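If you read the sequences in order, they're chains A and B.
Sequential numbering from 36 applies to the first sequence in my numbering.
Sequential numbering from 4 applies to the second sequence in my numbering.
Please note that the accuracy of each hint is not assured.
Footprint (simulated), chain B over chain A, 3 or more residues, beta carbon under 8 Å [to be verified]:
(1) 90-101
(2) 198-212
(3) 336-347
Pulled a few chain A residues facing chain B out of the computed Cβ check, cut under 10 Å [as the list claims (entries may be wrong)]:
(4) Ser105
(5) Arg112
(6) Thr144
(7) Pro221
(8) Ala225
(9) Ala229
(10) His232
(11) Val236
(12) Phe363
Rather than coming from a laboratory, the hints here were simulated on the basis of the structure.
All values derive from a computational prediction rather than experimental measurement.
All C-beta atoms in this analysis are idealised placements derived from N, C-alpha and C, irrespective of residue type, glycine included.
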Amino acid sequence: MVAATEELPLAKALNAGLRAALAADDRVLLMGEDIGTLGGVFRVTEGLQAEFGTNRVIDTPLAESGIVGSAIGLAMRGYRPVCEIQFDGFIYPAFDQITSQLAKFTARTAGAVPMPVVIRVPYGGHIGAVEHHQESPEAYFAHTAGLRVVSPSTPNDGYWMIQEAIASNDPVMFFEPKSRYWPKGPVDFALSAAPLHSTRVVRTGTDVTVIGHGAMVANLLQAAQVAADEGISIEVLDLRSLSPVDYGPILRSVEKTGRLVVCQEATGFASVGSEIAATVAERAFYSLESPVLRVSGFDTPYPASKIESFYLPDADRVLEAVDRALAF
Amino acid sequence: MKLAPTQKHEVSHVAEVSPAVQFLSIDGEFAPNEAAEEYLPYLQELDEADHRRFYTDMAVTRRFDEECTNLQRQGQMGLWPPSHGQEAAQVGSARAARAQDVIFPSYREHAVALVRGVDIVDIVKVMRGVSMGGWDATDPANGNFRNYCLVIGSQTLHATGYATGVRFDGAYATGNAESDIAVMAYFGDGATSQGDVSEAFVFSASGQNPQVFFLQNNHWAISVPVTTQSRTPLYLRAQGFGIPSVQIDGNDVLASYAASRKHLDDARAGGGPQLIEALTYRIGAHTTSDDPTRYQTPEQLAYWVARDPIIRFETYLRSQGADDAFFDEVHTQAEDFSADLRRRTLELGAPPLSTIFDNAYSEAHPVIDEQKAWLQAYESSLAEGA
Chain A
36 MVAATEELPL AKALNAGLRA ALAADDRVLL MGEDIGTLGG VFRVTEGLQA EFGTNRVIDT
96 PLAESGIVGS AIGLAMRGYR PVCEIQFDGF IYPAFDQITS QLAKFTARTA GAVPMPVVIR
156 VPYGGHIGAV EHHQESPEAY FAHTAGLRVV SPSTPNDGYW MIQEAIASND PVMFFEPKSR
216 YWPKGPVDFA LSAAPLHSTR VVRTGTDVTV IGHGAMVANL LQAAQVAADE GISIEVLDLR
276 SLSPVDYGPI LRSVEKTGRL VVCQEATGFA SVGSEIAATV AERAFYSLES PVLRVSGFDT
336 PYPASKIESF YLPDADRVLE AVDRALAF
Chain B
4 MKLAPTQKHE VSHVAEVSPA VQFLSIDGEF APNEAAEEYL PYLQELDEAD HRRFYTDMAV
64 TRRFDEECTN LQRQGQMGLW PPSHGQEAAQ VGSARAARAQ DVIFPSYREH AVALVRGVDI
124 VDIVKVMRGV SMGGWDATDP ANGNFRNYCL VIGSQTLHAT GYATGVRFDG AYATGNAESD
184 IAVMAYFGDG ATSQGDVSEA FVFSASGQNP QVFFLQNNHW AISVPVTTQS RTPLYLRAQG
244 FGIPSVQIDG NDVLASYAAS RKHLDDARAG GGPQLIEALT YRIGAHTTSD DPTRYQTPEQ
304 LAYWVARDPI IRFETYLRSQ GADDAFFDEV HTQAEDFSAD LRRRTLELGA PPLSTIFDNA
364 YSEAHPVIDE QKAWLQAYES SLAEGA
């Protein structure tokens with residue numbers, strides 16, 4: 036008997052969510068590199084192959100296009116594949132199968148062939164990794180019609196969102212903030228989290244709205260705490276769904292605070308943050324007291340890890356932007 | 004089978020290759036070569052009616068394919084990829100597939116579509132720009148013929164995943180050839196250079212999937228000859244992946260049938276993936292956007308026209324007693340089929356604007372709903388203004 040609430044790290048919460056999905060529907064399959072015996076390089080699938088067998092938790096050959104392309108064929112056969120791409124920077128060999136095939140099949144077949152495929156992608160920096168192991172490629176997929184793109188920031192969201200993603204009949208890109216795999220947080224096994232495609236207010240405030248997703252949310256909460264000590268009230272929003280974006284809570288928050296800072300690890304040009312900034316400017320123009328500001332990774336290749344903390348926006352960089360917003 | 008002059012020259016360093024499976028000589032004489040011997044039993048399943056059906060399939064395809072090229076030239080289609088010259092490879096393999104088999108085409112398998120029951124006007128819809136996919140591959144009437152795939156080689160991975168699912172379902176190797184499923188993927192010589200095709204070989208061999216890779220080597224990837232794609236005969240490449248393979252005369256419909264029958268049945272019985280390389284030739288252009296006179300010599304064309312699969316089979320059927328009355332009947336059938344296709348093509352209007360949005364996702368999506376409503380309102384406002 037599992038306790039109703041348990042303190043778990045995100046990696047274990049995802050593991051529990053995957054286990055629940057595998058148990059609930061025998062058409063659910065996990066497939067990827069090193070996810071079986073090893074349990075994945077981040078151990079997210081630990082123990083699942085032993086429990087469900089090698090036909091349910093599949094160690095594939097080392098080829099990302101092959102993983103996604105064959106997942107498409109499995110979906111045509113009625114399966115619900117959950118692919119693991121080992122690291123963010125290794126997703127590009129699968130880009131054609133994701134964008135030209137997976138994303139378009141439902142439209143191409145006039146709805147006759149749905150694509151209930153989830154692609155899990157550990158992403159983002161902060162872990163001192165080498166090249167290709169710290170990227171934030173989510174905008175490519177948010178830009179692609181036919182895909183849904185989400186990213187949990189907490190263990191509780193991880194547990195519930197992975198199950199909702201697997202239950203979806205559309206392809207879902209599931210970005211897991213790898214630096215958040217280890218910190219523990221409460222997981223409520225009884226009460227499901229907010230719907231998959233919803234923005235969540237994680238801290239209320241009145242002066243400035245800050246929004247981000249994945250690992251950025253922890254920075255935003257830290258920034259809000261620091262600001263509160265200085266008498267500035269920051270409202271923190273966890274985007275959770277990058278496509279589609281749930282604008283209701285964002286617009287309501289901006290109508291209240293009049294200021295918005297959009298934060299992300301990804302490079303800023305043509306990013307999810309750019310899109311949110313543009314939409315808020317369109318829809319909440321008369322509520323804004325200052326321009327919508329963006330805090331992003333620089334528009335450079337990801338740097339060597341010893342200096343990644345200068346590349347990645349941290350709480351101080353968020354606060355710098357908050358100060359600029361308030362100065363208007 | 005002799006290689007075409009250019010290819011023979013280009014691949015002279017692999018001259019030791021065993022000859023391709025062939026039953027019918029280029030003159031239409033039944034003269035199985037040594038490579039064909041093991042496939043002879045599969046021909047014994049066929050009777051005269053089957054032979055005549057093969058011929059009819061090929062002749063009808065040749066005629067409607069020509070009609071579609073004409074329709075494109077007349078501005079009725081954006082594009083048409085002709086199958087002219089490849090009818091034997093396609094009809095033999097398609098007739099060899101059993102009803103429960105699942106076919107993943109590229110985009111030139113018009114004869115396979117015909118054999119599997121797809122309404123050819125559904126292919127026209129794709130090329131005319133009135134539908135993205137054309138036919139509903141989940142409708143049993145379409146013979147498990149999946150939708151065309153325009154990105155070269157992508158479908159080989161979809162076939163591999165589907166065959167993986169068949170394997171997980173245990174829907175093969177039960178000993179019942181009438182229900183055990185094999186999966187067939189069609190692709191061309193150009194596609195063999197794509198990473199996806201190699202990945203499909205790897206995944207399929209790794210899982211020992213029930214599937215056949217049917218490679219139509221038509222010698223050209225638009226304008227680039229097969230010798231640029233490979234310095235080794237393509238069927239040998241499969242063996243490096245642990246996939247048994249055979250090269251056949253793809254312009255011999257009996258060779259295509261027998262080899263496909265055997266290898267599909269081997270795959271469905273649990274023998275793992277198989278590859279057939281059918282040596283054929285694209286007599287026409289890559290698509291109607293192409294001009295083959297820029298890269299193909301008249302000698303090459305003449306060499307392959309002399310190996311026309313339909314004329315060859317006609318000669319054989321005549322030697323077996325088929326008379327003018329039969330061929331006249333087929334001719335009439337092909338003409339009627341094409342006239343009907345032309346008539347129905349010209350009746351195809353633009354699809355409703357709602358189809359831009361309706362199946363972008365399977366489930367409700369707020370952005371799509373909003374944009375669909377916006378376009379409707381915008382179009383209505385223009386109508387009101389007029």
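Practice problem: Hints the structure violates: just list their numbers, smallest first. | Solution: Of the numbered hints given earlier, those the structure breaks are 3, 7, 8, 9, 11, 12, listed in rising order.
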